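Asks: Chain by chain, the residues run as shown.
Number of protein chains: 2
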Amino acid sequence: MARTQGSHSDITGPRVRDAALSLFAQHGYAAVSMRQIAAEVGVQAGALYNYTSDKQSLLFDLLKSHMDQLLASWMAQPEAPVAMQALEQFTRFHIRFHSERPEAVFISYMELRNLTPENFAVIEELRKDYETKLEDILRAGVAQNVFSVREPKVTAMALIAMLTGVNTWFKSDGRLSLEDVEQVYWDMVRKAVSKRTD
Amino acid sequence: MARTQGSHSDITGPRVRDAALSLFAQHGYAAVSMRQIAAEVGVQAGALYNYTSDKQSLLFDLLKSHMDQLLASWMAQPEAPVAMQALEQFTRFHIRFHSERPEAVFISYMELRNLTPENFAVIEELRKDYETKLEDILRAGVAQNVFSVREPKVTAMALIAMLTGVNTWFKSDGRLSLEDVEQVYWDMVRKAVSKRTD
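In order, the protein sequence lines correspond to chains A and B. The opening residue of the first sequence carries number 406 in the numbering used here; numbering runs sequentially from there. The opening residue of the second sequence carries number 406 in the numbering used here; numbering runs sequentially from there.
One chain only, chain A, in its complex shape:
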């Protein structure tokens, strides 16, 4: 059967993506078959190919759309006039965006190894684009004489790892609200790049 675009795949598409995301996050990409994804969606395995050509395309779509959404959401934030404000905005934005998508964040880190080299290069480029947003804020803060950062690229990667780490422990019914957590992390980020070194 020829692959078709139309109402069928429009309806099934998001359900296929949700099923793939959930199964990849639970079992790992290599352990999940197209048949399992089809069963989770409630369609025949053959019907899946109306939506996606193969499992690799599905993984790539998930990782790429995660990065596209991240970049688009960041670009939609109001422009902050000075570096200190931009850094606070980035810190809070990053924590909120990632805490809402634990499975996508998990597979985006874990399944990089299972992308083809061509697909990996695309995702890697988008990740670098995002890191560069933070790196540019750090460089602006140095230029504005409010931050002291010797290695903006390394610092950007370090701060992003710290902020994404919230996902490994945060529970929405825990002692701290996400707002509290943002504040604790913002205090650390602000101080980590501050000019005071004593």
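Bear in mind the hints are in silico, worked out from the structure with no lab data behind them. All values derive from a computational prediction rather than experimental measurement. Errors might be hidden in some of the hints.
Claimed, not checked - Covered stretches of chain A, as calculated for chain B (at least 3 residues, CB under 8 angstroms): (1) 423 to 435; (2) 553 to 562; (3) 587 to 595.
For every residue, glycine included, the Cβ atom is placed at its ideal position computed from N, Cα and C.
Model the placement of chain B on the given structure of chain A, informed by the hints.
Replies: Chain B in isolation, oriented as in the chain A frame:
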């Protein structure tokens, strides 16, 4: 055949562990069979059961021995008299220890989901033990009036995530040596917990 302890498993044991670690890191636990592990070691699948009762035990052994080594290595560090020195020691130790074991670090994060609840509880306890080492340093620094840390537990988890993140980008043949990287991270850690907040 009864499971035996002896020269055969003494020789094969480390090779089985190395093979399992490498295959789990490459493909994910769920996608790797005992047969594949045996093939990697160069023994019959049946011979593997002289060494390990099942795949779950193998995963648990890998994750537990990683945490046991981490805790033992930290405890073997010379005692630092004041909190500032202890924090620097922890920062440098954590980066070095983890950068030497990228596969063990990767599966220790990624494969937690594949542990049985009983095994997960053991690993979780060891992870908390390690986090508490850093938390205790942060509390000592607050008591010594050299650190300002409102949430020692959250701060410990945040700093550990930041430091472990080195593994996602560091290349030993890159522009910065590991010693350079340690210094950049130590500057950030020191400032992040500093009393200065402007």
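Asks: Against each hint, give a clear statement of whether it holds in the structure.
Replies: Consistency of the hints with the structure:
no.: 1; hint: 423 to 435; result: holds (count 5)
no.: 2; hint: 553 to 562; result: holds (count 5)
no.: 3; hint: 587 to 595; result: holds (count 6)
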